[in-house]
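Make the full structure from the sequences, and use the hints.
Protein chains in written order, with the numbering used here: chain A, 1 to 286; chain B, 1001 to 1339; chain C, 2001 to 2407; chain D, 3001 to 3258.
Hints listed in this document are in silico derivations from the structure and should not be mistaken for laboratory results. Take these hints with a grain of salt, some might be off.
Said to hold, decoys possible - Simulated pairs of lysine to aspartate or glutamate, DMTMM-like, Cα-Cα distance not exceeding 20 angstroms:
(1) D:K3091 with A:E2
(2) A:K129 with C:E2262
(3) D:K3047 with B:D1209
(4) D:K3091 with B:E1208
(5) A:K129 with C:E2233
What the hints assert, rightly or not - Facing chain C, according to a computed beta carbon distance under 8 angstroms, are these residues of chain A, among others:
(6) N7
(7) Q171
(8) L208
Heads up, the beta-carbon is just placed ideally off N, CA and C, and yes, glycines get one too.
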Amino acid sequence: MEQVIVNGAISGMNYALMALGLTLIFAIMGVLNFAHGQMYVLGGFVMYFVYTVLGLGHVAGFAASIVTLVIVGLIFERFFFRHALRMAAREESTMLLAAGTALLLESLILVAFGEKQRGMPPMVSGVYKLFGVYIPAGRAAVFLIALVAVVAFILFMQHTKPGRALRAIAQDKEVSALQGVNIERYSALGFALGAGLAGIAGALLVSLLAVNSGLGTSVSIKAFIMVMLGGAGVVSGAIIGAFILGFAEALGYAYIPGSTTYLLIFAALILFLVIRPQGIIGKPWG
Amino acid sequence: MSRGLLRPLAGAGLALLALVYLVLLPVYFSHSPYILRVVSIASVLSVISLGVWLTFAIGRINIGQAAFALIGGYATAILSTRFGLSYWLCLPLSGILAALVGTVLGFGILRLRGVYFAMITLSLTEAVRLAFLNGGEFTGGASGIPIIPLPGELSLFGVVLMPSFQTVNTHLAFYYLAAALLIVTLAVVWRIGTSRLGWIFRSLQQNEDLATSIGIDIARYRVMAYAICCFFGGIGGSYFAVSQQSIYPNVFGVPDSIFFILYCFLGGLAYVAGPVVGTFILFIGFQILHPLQEYQQLIYAVLMIAIMLWLPNGLLSLRWHTRADRAELARLEGREARS
Amino acid sequence: MRAPSERAGRTRLGAWLLVGVLGASAGMLPSYAFAQEKVLRIGQLGVMSGPAASWGLINKYTAQAHINLINEDGGFEIDGEKYRLELVSVDDKNDPRVAIAGAERLVHQEGIKYIIGPNVDETSRAIIPVLADGDAFNVSYGWQRELFSPPSENTALGMIAGYQSAPLIYKYLRDERGVKTIACLPRNDTSGLNSRDNCVAAAEQLGLEILSSDSTYEPGTTDYFPVVGRVVEQNPDLLVLSGVTPSDAPLLIRAARELGYEGLMATETAMDAKIFSEVAGDLANGFISVGGASAPEIRTDYMQRFIDEYEKVAGEWNDEAGTKVYALEMILQTIKQAGAKAIDDVAAFKAVVPEVDALNPFISEESIKLGWIGDSDFQQKRQIRVPMVVTEFQNPDFKTLFIDTVE
Amino acid sequence: MALIEVRELTKRFGGLVAVDHVSFDVEPGTIFTIIGPNGAGKSTLFKLITGFLRPSSGKVTFEGQEVTGLAAHAIARRGIVRTFQETTIFKEMTVLENVVVAHHLRGQASAFGFFIHSPQARRDEAGFRASAERIVDQLGLGTVKREVARNLPHGYLRGLGIALAMAANPKALLLDEPFSGMNNEETDRTVEMVRGIRARGTTVLLVEHDMRAVMRISDRILVLNFGKKIAEGEPKAIQEDEAVIEAYLGREDEELGI
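Rendered as C-alpha cells:
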C-alpha cells in the first residue's frame, strides 16, 4: 500500500507538469491545444539530442527544450491562433486548428528526429528503500524538479505583474482589456509559457518514459483527462486532476487487471463529467 | 446551411456529377480497383462524417464518432460470424444498434456543450476501443474477428435484389454499395437540413433556452440528431468491417474521430455537402501526395492548416457564387466581424 | 475584419497553393522510362507515420539499403539476365482502409507482384483479398496464424512469431538456467496482449508455473514503476516483456532492477542495442531477446556492408533491421529459382517455394540455409526460415546465446 | 376562473429565500404586472411560472390544471410563453426565419412527417409563413424581416423577442422587462404593441422597472420585496400604498414614477 501511495504521488507530480501548460493556454485563449502532446514530445527529443547526442548536461538540455518550445509557442500563437481567433467563424475553429497543428508538429518531429524511439538514463542512479518502499533516486529527482517547476509557476502566476495580468485575462478578457492589459501581448506570453511548460515536462520525463514521434496524441489525451477532471482552465484544478489520475493509475495497476484500469478511468471520467461538467473546482462552462 | 447544398451542384451540375460518379467513373475504372477503392472509402467516410455534421448542426463538437463506427463494425462482425446473419440484415442492424447506444448515452452527455462535450466524446472513443480490446471471448479481444464473409445474395420472393459479392466484380460491387450508402445518407441529411427539423436543430445550436421557451423539447431533438449521427457511424463501420472482412479494436480510434470533424470543418460547416467535399479532398489528397514519400504527412498537415486559415468557412466557400451565395457569404463575413 | 476583396484575394491564393502543391506532387510520380536495362520493382507497404512509424520505416530502410547493395553489384541475376531493383513504398498509417488502398495502388497501378509488409495483423488481414484478387504475394510482419494458413496463400510470415520463439527461449532457460516460475508483462494493445497469450500458452506447455499475466501497461505515457512493482513482488525466475517496444524495454528493465528484482528477463522480439545502453546501461545486462543477423560474432562481410549501407540510408543502424533483412532476399532467391516467368507470375513463384534452399549471405553459420517453412504452424510453407539468434545483452552490445531455427 | 393561479410559491437558493410564499391570480385578458426593487425576486418568480426553475414548494395552476415543475417546453405547450431580455434570439437567422421557427408549437405534423414532407407538413409550413408575415407586420418589423437578426438595429430586438413569443400562440405571454433601456418614444411604441397583444385576447404578464409605463398599461399590479408580496391591486391603489412607497423609499422618484 505504501508503495502504491508513493507511486501515485510520483506519477501525479509528473502528470501535473503535463497538464499545467494545457490548462494555462485554455484559460488564457480558450484554445484546447491538441498539439500539447506533440510539444511535450518535442521537448523530450530536444533534451535527448542535447544530452545524449551533443553530450551536454541536463541543464543545457532543459534550457534548450524550454527555448525551443517557447519559440514554437510564439510562432503558433502569432501565425495560427491569433489569426484564427480573430477570424473565428464559430467556436469550433480554434480547436480544429489546434488538431491541425498537432499533425503538423508530429510530422515535423518525425522528419527532424527520425522514427527511432528515444530514452535517457535516469538523472541520478540508485534506489532508496524506506519502510519497505522503493524510491529510485531518478524518480525522486524528477519528482523534486517537477515540484519546483510547479511551485515556481504558481508563484509566478500569483506574485508577478505578468502573472497577475494573465490571471486577469483568464478571469475576464473584456474587463482586463478595459483595464489596459495588452491582450495580444499577454496571449502570446501565455501561449509561449504553456508551450514552455510542455517542453519542461517532456525534457524531464524523457528520462522516465521514452519518447517517439507519434507519442503526442496519447499524452494529449492524458492531459485532457486531468484538465477536465480538475476543471478546465483552473491551475489548481489541473494539479488536483493530475494527482487523482496518478493515484487512480497506481491503485488500478496494484489491485485490478492492468488492462481494464484505463477502461475504468475513462468510464468514470465520462460519468463524472455528466454529473459535474465543470470538473472538481472549475467554473460552469469554463 | 441547407441552401448551401443544392445551389452549387444545381441542375445540370448535379446531373453531370451523378453521371460521373455512378456511370463514367466506375465503368471507366472497372478494372483499376485502386481508383474504385479510394473513391469507395472516401464515400463511406463521408457517410460517417455526415453524421458528425449533424451534431455540428445542433452545436456540438463530436469527437466520438469513431466509437460508433467501431460498434457498427463489431455488430456486423459478431452477427455475421456467430449468428450467420446475412449482411443485408447486419448492415441496418449495426446502424440501429449504434443509434440505440447513442440514444442512451445521448440523454446524459448531450447536456454538455463546447469543449466539455468534445472531451466527453473523446473519452468515449477511447473507452469503447478499450472495451472491445478487453472484451475477451465475445469480441475476440486483441486478435479481433479476423474472418467476416463477403455479402451474400439478397433475394426477396425469389427475386434477386443483390447478387452475392463473390460472383460479381467485387470492387465494383463494393463501389456501388458505397455509392448507394453515400447518396441515401446525403439525401437524408439534406432533407433534414432543409426540412423543419433542420431549423429546429439550428435553433438548438443558436440558443437552447429560447428554443425551450417556444416549446421545443430540446432534449428530444438533440438526442434525435445524435442518434441519427451514431446510426451513420454504425453503418460506415459495418461497411468497412465487411469490405476489410475483419474487425480489430484499433481500426477506429481517436485520430479517426478527429479526422471526421476535420472533414466536416474543412468542407464547410455551413453546407450539407461540406463533409462530403472535405472527406473526398482530404482522403484523396493524401493519396495524391504519395510521391512526396516521407514528407507526405508533413505537406498534408501544412495544406490542412492553410485551408483553415485561408478558407475559415471551408472549401465550399470557394465555389462559383450566385447572388444568393454572396448574400450568405456576406452573412458569414458579418459573423466573423463579430469576434 | 478584413475587406472582402482582400479576403477573396487570400482565398484565391490559398486555393492556388493547394492546386499547386497537389499538381507538383502528382508530377513527381516516378517515370517508368528506363533504357534497355531490365527492372524488377518491389513494393513495400507499412506504417511510416504516427506512433508506430518506426516499424514500417525499418522495413523501408532495410529494403532500400539491400537494393542499393544489389544494384551496386550490377543488379540481381535471373535466368542469366541482370535486373536493376527498384523499391516503391507506401505509407499505410497503420489504418486498414489506407492499407487496402495502398496495396491496390502497388498491385494494380504500379503492377507490382511482390510486397514487403505490412507490419501488423490489422493491415495484413485487410489486404489479403487484394493480393488474392491481383495475384500478388507479400511478406507480412503480422503474427496471426489465419494470415498464413489456408485459404490465404499469398501471404508469408517474414519473421519468427512470438508463439514460435517463446517456447524455444523458455525451454532453453528452463534447461540451462533452471527457470521454474514465469511472469508475462504485456503492454495494453493488440500486439502486446497477443504475445501475452502466446507467452502463457508456451509456459503451460513447458510446465512452468505462471505467477502473473494480467498486469499490463499503457503504451508510452505511463510510469512503469507501479506496474512492474506488482509483478516483481511475486519474484518470478523469468519475467517476460511480451510484445514490448525497443524503447519501453530498457525502461521496464530499469524499473524492475530498481525494485530489486534479480531474476531473468526476456522478450520474444528483436531489440535495439543502442537504446539499451543509452537508457539502462549495465542494468540491462543479461536481458535475453531475439536478434537478427546483426550480432557481431556471426556477421558476414556482406552483412557488414549492408549495415554500413543501412546507416547511409537511415542515418543510424538499428538492430531490428537484422531480422527484417531476409524478406527481400527470400523473394529474390525464390524468383531466381522459379526463373524470369515468376517476375509476373506468382503461381510460378509459389510452385517453387518448397524447393528453395539457398545460402544465407548474412550470417557466417554455414549450416543455416535460407528457405520456406511453416508446415507445422500454417499447414503450408508460408514463413521465411529466419535463423533465430537468441542474444543476451552485455552493455553495449548483444552477445549470441544460441542459434536455432523453427521448422 | 382565473387563467393563472399561483399559490404559496416558494424558491430557496441555499439559505436565501428568493420567492417567499407568493400567491396571486391572473384573470384572462388582462395585463398583470410584477414590480419591485432589484433583487426582489421578480425574475425568479417568472422562471418558476415558466418552468425554467423548479419551485421549492407551492404550486402554479393554469386553466385549472397544475403545471408546477413541468419541463419548460411542456409549459410553453400549455400556453404560457415567456420572452427574454434583449439579445435572446436566433442570431444567425433572418427576422422572418426566427418567427417561422418559433411557430413550432403550432405544428401538426410529426418530426417524420416534416422529414418526408407530408401534406400535413406542407400545410403547416405554409401556415407558419403566412402567420409569421402577419406577426412581423403587426409588431412593426416588416421593414427588417429579411435582415439577419444579429445585424438588427437595437430598437427592434425586443420587438423580435415578442414576435417569437407570439408565434408560439400563447394564452399567457410573460414579458421580461420589455421597456428597460428604452427612450420615451420607443416605450410608447412598445406600450401600444402590448395593448395590441391584449386586444388579440392574450393575457400579458410583465416584469418591469419602468413605473411610468407600468402605471399606464397595467390592469393589476403585484409588488414584490425581498421575495415577499407586499401589495397587489389597481395601479391607482398601488401608487398610494404605504408599503410600496416604503419599499421604494430612498430610490429616486424617477424610478418610482410618482
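Would you check the hint for K3091 of chain D and E2 of chain A, treating anything up to 20 angstroms between C-alpha atoms as holding?
-> Not OK: K3091 of chain D and E2 of chain A at ~58 angstroms, beyond 20 angstroms, violated.
20 angstroms limit on alpha-carbon distance, applied to hinted pair K129 of chain A and E2233 of chain C = holds, 15 angstroms
When the nearest CB of chain C is found for Q171 of chain A, is that gap smaller than 8 angstroms?
-> Since chain C brings no Cβ nearer than about 27 angstroms to Q171 of chain A, farther than 8 angstroms, the hint is violated.
Cut-off 8 angstroms, beta-carbon criterion: hint that N7 of chain A touches chain C | Holds - the Cβ of N7 of chain A comes within 8 angstroms of chain C, reaching about 4 angstroms at its closest.
For the pair we were handed, K3047 of chain D and D1209 of chain B, check the Cα-Cα distance against 20 angstroms.
-> holds, 12 angstroms
If you draw a straight line from the CA of K3091 of chain D to the CA of E1208 of chain B, is it 20 angstroms or shorter?
-> With Cα atoms ~12 angstroms apart, K3091 of chain D and E1208 of chain B stay inside 20 angstroms; holds.
Hey, does the L208 of chain A contact hint survive, CB to chain C under 8 angstroms?
-> At about 6 angstroms, which falls below the 8 angstroms cut-off, the nearest Cβ of chain C leaves the hint on L208 of chain A intact, so it holds.
Holds or violated: K129 of chain A to E2262 of chain C, with C-alpha atoms at most 20 angstroms apart | holds, 16 angstroms
Violation of the numbered hints given earlier is confined to hints 1, 7; the remaining hints are satisfied by the structure.
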